[in-house]
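Asks: Order-wise, the sequence lines are chains A and B. Per my numbering: the first sequence = residues 477 to 591. Per my numbering: the second sequence = residues 255 to 367.
Hints are computed from structural coordinates only; laboratory data are not their basis. Everything numeric in this text was worked out from a predicted model, so none of it was measured. Fair warning: there could be bad hints in the mix.
[Stated by the list, open to error] Computed spacing ranges between beta-carbons, pair by pair:
#1 Ser306(B) to Thr490(A): 48 to 56 Å
#2 Lys366(B) to Gln530(A): 43 to 51 Å
#3 Thr331(B) to Arg539(A): 39 to 47 Å
[Claimed, not checked] BS3-like, lysine-lysine: derived pairs with alpha carbons at most 25 Å apart:
#4 Lys303(B) to Lys533(A)
#5 Lys312(B) to Lys296(B)
#6 Lys323(B) to Lys303(B)
#7 Lys323(B) to Lys366(B)
#8 Lys303(B) to Lys489(A)
#9 Lys322(B) to Lys303(B)
[Claimed, not checked] From the structure, some residues in chain A lie toward chain B, with a derived Cβ separation under 7 Å:
#10 Gly516
#11 Gly518
#12 Leu519
#13 Asn532
#14 Leu573
#15 Thr574
#16 Gly575
#17 Asn577
#18 Glu579
#19 Phe582
#20 Gln584
For every residue, glycine included, the Cβ atom is placed at its ideal position computed from N, Cα and C.
Each chain, written out:
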Amino acid sequence: KAGVTQTPRYLIKTRGQQVTLSCSPISGHRSVSWYQQTPGQGLQFLFEYFSETQRNKGNFPGRFSGRQFSNSRSEMNVSTLELGDSALYLCASSTELTGLNTEAFFGQGTRLTVV
Amino acid sequence: AQSVTQLDSHVSVSEGTPVLLRCNYSSSYSPSLFWYVQHPNKGLQLLLKYTSAATLVKGINGFEAEFKKSETSFHLTKPSAHMSDAAEYFCVVSDSSNYQLIWGAGTKLIIKP
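Just chain A, with the same shape it has in the complex (with noise of 0.2 Å):
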């Protein structure tokens, strides 16, 4: 059974630029959540879509935003790039609402730098 893929593993944007990050999940998983990881921050939530609906979101602005189509996969936006939001994004995905106790699959990320 295929893992979590995220494309692409690296990327190097502008400052005001803009990114799209894609995560397609383990097949039969209907959730997908999305973190940041920096080694100053830890892993930080971003949302987490649950068929097709964003179900959670934690505390970034707006400029984070991000989409699920029909078939859980997912898409994550960045606008207006800054250089803090170079780090790490990790996309997991589940059966059911990861607070439901579910274990979630990660993949190995997309490593973002803003330069």
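On the provided structure of chain A, position chain B as indicated by the hints.
Replies: Then chain B, alone, in the frame of chain A:
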């Protein structure tokens, strides 16, 4: 609100000696608790989870954790460290009021040969 505190940012042990990674949580509800591990350049992987069944939970790779309600702790242990255990470990609590996972700051486990 629920929260989780990992008491050590780094833990260093010699190969073959016991491992103890400490985690304390605060929760208004009966919590569900998890430990995840992140090896260098790899994704996060579930080690074990507690969901109000047995208080001693066994996970993969010889790790186990004990839920102690009176101490609000969920410490991770392993009797004998192996070089392959070098990684970052995260303690996580599930907030059933809003279906979010609350992550600890992580503990880097260093194994000395």
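Asks: For each hint given before, does the structure comply? Return the numbers of the non-compliant ones in rising order.
Replies: Failing hints, ascending: 7, 8, 10.
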